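K.L.:
Use the sequences and the hints to build the structure in full.
The listed protein sequences correspond, in order, to chains A and B. Be aware that the first sequence starts at 1, since it is given in our numbering, and climbs by one per residue. Be aware that the second sequence starts at 1001, since it is given in our numbering, and climbs by one per residue.
Hints should not be assumed to be uniformly reliable.
[Claimed, not checked] Below, simulated EDC-like cross-link-like pairs (lysine to aspartate or glutamate); rule was C-alpha separation at most 20 Å, straight line:
| no. | chain 1 | residue 1 | chain 2 | residue 2 |
| --- | --- | --- | --- | --- |
| 1 | A | K7 | A | D23 |
| 2 | A | K215 | A | D233 |
| 3 | A | K74 | B | D1139 |
| 4 | A | K7 | A | E219 |
| 5 | A | K74 | B | E1200 |
| 6 | A | K74 | A | D109 |
| 7 | A | K74 | B | D1209 |
| 8 | A | K187 | A | D176 |
By construction, these hints were calculated from the structure, which means they are not laboratory data. Only a predicted model underlies this, so the values are computations on that prediction, with no experimental measurement involved.
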Amino acid sequence: MPLLTTKGLSRRFGGLRAVDGVDFALMPGEIRAIIGPNGAGKTTFVSLLSGRIRPSSGMIVFDGADITTMPAYKRVRLGVAYTFQITSVFANLTAYDNVALPVQRTLTDGRSKGQVRSGVMAALERTGLADRAGTPAGQLSYGHQRLLEVAMGLALRPRLLILDEPTQGLADSEIDNFVLLVREIAKHATVLLIEHNMPVVMQLADRITVFNSGKILAEGTPEQIRANAEVQDAYLGATHG
Amino acid sequence: MKDASPAKIYALHIGVIALLFALNFVLPDYHQGLFARIMALAVFAMGYNLLFGYVGLLSLGHAMFFSAGLYGAGLAVYQLGWGVPEAFVAGVACGALLALVIGLLALRTSGVAFMIVTMMFAQVFYLLILYFAAWTGGDQGLVIQQPSRIIAIGGASLDLTNPTVRYMSALALFSVVLLITLVLVRSRFGRVLVAIRENEERTKMLGYDTVANKLVAVVASGAICAASGAAYALLFGYIGSSFASVQYSILPLLWVLLGGAATILGPLIGTLFMYYVTDITSGFTSAYLLIVGVALILLVLFFPKGVLGSVRQRWLGWLP
Ligand SMILES: Nc1ncnc2c1ncn2[C@@H]1O[C@H](COP(=O)(O)OP(=O)(O)O)[C@@H](O)[C@H]1O
Ligand SMILES: [Mg+2]
Chain A
1 MPLLTTKGLS RRFGGLRAVD GVDFALMPGE IRAIIGPNGA GKTTFVSLLS
51 GRIRPSSGMI VFDGADITTM PAYKRVRLGV AYTFQITSVF ANLTAYDNVA
101 LPVQRTLTDG RSKGQVRSGV MAALERTGLA DRAGTPAGQL SYGHQRLLEV
151 AMGLALRPRL LILDEPTQGL ADSEIDNFVL LVREIAKHAT VLLIEHNMPV
201 VMQLADRITV FNSGKILAEG TPEQIRANAE VQDAYLGATH G
Chain B
1001 MKDASPAKIY ALHIGVIALL FALNFVLPDY HQGLFARIMA LAVFAMGYNL
1051 LFGYVGLLSL GHAMFFSAGL YGAGLAVYQL GWGVPEAFVA GVACGALLAL
1101 VIGLLALRTS GVAFMIVTMM FAQVFYLLIL YFAAWTGGDQ GLVIQQPSRI
1151 IAIGGASLDL TNPTVRYMSA LALFSVVLLI TLVLVRSRFG RVLVAIRENE
1201 ERTKMLGYDT VANKLVAVVA SGAICAASGA AYALLFGYIG SSFASVQYSI
1251 LPLLWVLLGG AATILGPLIG TLFMYYVTDI TSGFTSAYLL IVGVALILLV
1301 LFFPKGVLGS VRQRWLGWLP
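P.N.:
See the structure below:
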């Protein structure tokens, strides 16, 4: 049974159909990449999944339950975690406090046990930020803020972790570590990854979904997508010549 | 919050309480009375700071919570003949209940709308006090006489009109509220409140019901401000509608801004400063409000984050 499905999921902004009748299914344990040109509706689509914005029509089912109208904070408690495309850490709080917020949430819910401190340090260590625990997040480098965003997602102990362009702005060496980190995360969670960096997508994804103009243009294994002529035209050919 | 040993933090705050305790024995009579008043009102400022400083909600209606405590306790004694402890509890309960109702309604809004809505409710509260003047004493107010302000404990009795008893009672309330807010803002709940202030959308996406958290903060803030009002009525023996006026909604905002929003000791420093500047300047000029105004402007220019906020920023990053 899929972990997550959408039926006819749509979101309009005025006259613009940002997400347009999307039927989508995600199996537990997979790493799924979403690719597509800018403005294709990828961020809007995952925002609908996380509850950050409301759909105009359609339905979202997570783990057998209809969550279409469920407030975002309740979805998080069910295990849907979302990391923002635009870095949205708490700039005035330390890296430690940024991660303590999701950690203490799972402790309150009874989804994890132990101390806040050990949970925070574990998440910071997995993302390589442990030595920066006391630094205000706003003073971290951009790459480290992206990683902090991932650490916060991890600390929520998600069953589904949605990452929106996590490697944007990372150095090549940081990207290699990031690929290892996602593999590590995927041992315990399903990962939905919006990503522009094709080598990262090809290394990580079990399956790829291609968005264009709010619709799913194609879906398949990395090999199938690479071979798909339509995708070549719409996206791969255009941007990666 | 920067890393600091809890021992250091608690030592500082308990040190301040000890200092205030010692002051009782060295202050001249007049200043002993002034300090008792300042400590009781600093509690009002601390309650306001909890919401304004830590959650980032700017209310312009906190006079209603202060006066809910003031009238809740004062009328219980004056009209119902209750004892002091029961009246104090009644005052706090009135404030907490009022805060719950106002919170449920006002938290549908935020920003400027929240300021206006809280101000409107406070105005309604003020007008109700005037309307029921037969019972509340209206703008004349009511004086609670000495016999009603004596607490009987077994055989002994505590007379709240006695300067030392009054000072120590104000200090006791101040200390309890200081330590409660200190524990609160350093707790998990306090971390969530600050997160809401910094970025409410993001906090929701970490699984927090931000509206519920804000409601708890409004009730806690309302209850603390009511405790201040109840103590004020019982310690100083006067209740009047001026305490419910707009001025008493602005004052705690000023005290907190002066002392340092989102600092634990800032409300005390702000209240102390305002009281003494007013007191000293009114002693030698009738234009004292002008001098108070100039002092305020200078402070805001040189300490934009308030006294303690600036101290924390420049020197003591560990201050809670
Ligand atoms: N809040 C919004 N209001 C109006 N238009 C929006 C909003 N969010 C996104 N859009 C529009 O919806 C389309 C899809 O945007 P988005 O989901 O961000 O695309 P992607 O993430 O694939 O680049 C774009 O044309 C964008 O301008
Ligand atoms: Mg996007």
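K.L.:
All the hints need checking, so say for each whether the structure fits it.
P.N.:
Hints, verified against the model:
1. K7/A to D23/A: holds, 5 Å
2. K215/A to D233/A: holds, 16 Å
3. K74/A to D1139/B: violated, 49 Å
4. K7/A to E219/A: Holds, because 16 Å separates the two Cα atoms, which is no more than 20 Å.
5. K74/A to E1200/B: At roughly 15 Å apart (the allowed maximum being 20 Å), E1200/B and K74/A satisfy the hint.
6. K74/A to D109/A: Holds, at about 11 Å.
7. K74/A to D1209/B: Given pair K74/A, D1209/B holds - Cα atoms ~8 Å apart, limit 20 Å.
8. K187/A to D176/A: Distance of about 18 Å is within 20 Å: holds.
In this structure, only the earlier hint numbered 3 is contradicted, and the remaining ones agree with it.
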